[in-house]
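S.K.: Sequence:
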Amino acid sequence: MQEQIIRSSSPFSRSIVHRDQYRALHSRNLWAHFMNMALAFWLVCSPALRDYREPGMVYSDIAAGVVLLVFASASLSWRWSCARWVCAIVGLWLLSAPLLFWTPNAAAYLNSSLTGILVIGFAIGLPPSPGVSSRAELDETNIPPGWDFNPSSWFQRLPIIALAIVGLLISTYLCAYQLQHIPEVWDPFFAGSRTDPQNGAEEIITSYVSEAWPVPDAGVGALTYALEILSGLVGSPKRWRTMPWLVALFGFMIVPLGIVSITFIIIQPILLGTWCSLCLIAATAMLLQIPYSLDELLATGQFLFRRKQAGRSLWKVFFLGDEDSGGRVAPEPSFEQRPAAIMKDIVGGGVGLPWNLAVSILIGVALMFTRLLFGTEGGMADWDHLIGSLTITVAVIALTEVARPVRFLLIPLGVCLLFTPFAYGPGLYASLASITAGVALILLSLPRGDINRHYGNWNRWMF
1 MQEQIIRSSS
11 PFSRSIVHRD
21 QYRALHSRNL
31 WAHFMNMALA
41 FWLVCSPALR
51 DYREPGMVYS
61 DIAAGVVLLV
71 FASASLSWRW
81 SCARWVCAIV
91 GLWLLSAPLL
101 FWTPNAAAYL
111 NSSLTGILVI
121 GFAIGLPPSP
131 GVSSRAELDE
141 TNIPPGWDFN
151 PSSWFQRLPI
161 IALAIVGLLI
171 STYLCAYQLQ
181 HIPEVWDPFF
191 AGSRTDPQNG
201 AEEIITSYVS
211 EAWPVPDAGV
221 GALTYALEIL
231 SGLVGSPKRW
241 RTMPWLVALF
251 GFMIVPLGIV
261 SITFIIIQPI
271 LLGTWCSLCL
281 IAATAMLLQI
291 PYSLDELLAT
301 GQFLFRRKQA
311 GRSLWKVFFL
321 GDEDSGGRVA
331 PEPSFEQRPA
341 AIMKDIVGGG
351 VGLPWNLAVS
361 ILIGVALMFT
371 RLLFGTEGGM
381 ADWDHLIGSL
391 TITVAVIALT
401 EVARPVRFLL
411 IPLGVCLLFT
421 PFAYGPGLYA
431 SLASITAGVA
441 LILLSLPRGD
451 INRHYGNWNR
461 WMF
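By full-length UniProt numbering, the letter at position 57 of the sequence shown is numbered 57, and the numbering carries on one by one without gaps.
Simulated from the structure, these hints should not be mistaken for lab results.
All residues carry an ideal CB built from backbone N, CA and C; glycine is no exception.
Please note that the accuracy of each hint is not assured.
Unchecked claim - FRET-style restraints, in silico, Cβ to Cβ:
1. 328 x 371: 45 to 55 Å
2. 77 x 51: 33 to 43 Å
3. 13 x 450: 38 to 48 Å
Given these sequences and hints, build the entire structure.
M.R.: Written as C-alpha cells, this is what we have:
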C-alpha cells in the first residue's frame, strides 16, 4: 500500500520522502565517517610509527590522511554525499600506492592496504547508497519480472565474496615475495628450473611475463580481489536496478579479469616450463566466481533494456537506477534458517552440477596432466594442456543456468582433440586417450541438464 501511494504521488512528494529516508539512514551510520576521520589521523602518523624509509610512501600516507580528514568530515553532512566518493578514491589510492612505489617495507604495504579497504568500506559500504535516484530507492521491487529469486540477495553474493577472500590472501602472499618482504614462497608440488634453486611458484612470479608489468602483478591481483570484496558488499538487495553501474563493474572485475587470470595459468607450462600451486588455487577461485556472477549481470541487462524500451535515458538509468514494472516484492532469505538450508541456498543459487559438465571438468583436468599420465611431450603436451584448461573454463561457466548454452563450446574443443594426434604423432595410448576425450566432449555437450529457476524471457535461450 505504501509503495502504491508513493508511485501515485508527484515527483516532488517522492523526493521529499526519499530525502527523509536518506537523512534517517545517514544519521544512523554517521559512526562510519567518524571512523574514517580516525583513520585519517592514523595515516598521518603511520610513517613515524612504521619507520617508513621511502619518501613516496611517507608523502602518500600523509597526503591521503589530510585529504581523507577533509572529505570524511564533509561526509558527516547528508547534503555532501559526493564527499563519500572522494573518500573511496583515497582508499583506492592507498591500495595502489605500495605497488606503484614498490615499497620494500612490509609494514607499509600491509598498513596501506588494510587502511584502504577500511576507508572504502566505511565511505560507501553502508547505507544510504550515494547517487541512487528517488525513483529507484522508493520502489521496493526486488524480484525482476519473470524471475523467481533475487539475483542481488546476500545469499547470491556471499560465494563470490568468500572466493575473493581466498584470492586476496594468496595474491597478497605472492606479492610480498615480489616486493622482497619474505625470502621464499611455499609450493609443495612444483619445482622450478634445474639451473636455479627456485620452486615453481617463485619461478612463475619472477618470470619475464610477471616482470613485464610495471608493478607487481600479484599485487594487481590482490587489489582486484579487494575491490571485488568491497563491490560485493556495497549496495542493497535491489542493486540490480538501483546501481546498474556497480553490477557492471562487479561483473567486469570477475568475468574478463577472470579470463585473463586463466590465460596466465594456461601459458605457465607452455611458455615458462613449470607451474605455481598457489596460482592454480587463486585461478580456481576466480573461475568459480564467474558462474555465481552471471545471473545478476543478466538481471541488470534485462532491466536496462526494459527501461530503454520505456523511453528512459539509458545512461541516466545506468548511473542513477530507476523503478521497474512487472516485478514483485519478496522477503529476503534469512540467516535464521538452519545452517544446512543456508548453505544450500548460498552454493546452489542458480548454479548446478549436471553430470555431463562434471565429467567434462574431469576430462579437462586429465588433459592438463597428460605429461604425467602418458608422458606426452612437445606440441602435443602443450595442446592437451591448452584444450584441457579451456574445457574446464567452458564447463565451469556453463554450471550456471543462465549460461548453460556455453557448453556447446566443448564441441570445437573435442574436434581439436580428434586431430592433434595426427599432427604430432604421440604414443598409442596418448593418441587413443586424445581421440576418446574428443568424442566424449562432443557427446557430453549435448545434454542440457536441469533448469530449476526462472529468468524471465531469457529462459527461451537456455537450450
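S.K.: Against each hint, give a clear statement of whether it holds in the structure.
M.R.: Hints, one by one, checked against the model:
Taken as a hint, the range 45 to 55 Å holds for the pair residue 328 and residue 371, whose Cβ atoms sit roughly 54 Å apart. Between residue 77 and residue 51 the CB atoms are about 37 Å apart, so this pair conforms to the stated range of 33 to 43 Å. The beta-carbon spacing between residue 13 and residue 450, approximately 47 Å, falls within the hinted interval of 38 to 48 Å.
The earlier numbered hints are all upheld by this structure, with none contradicted.
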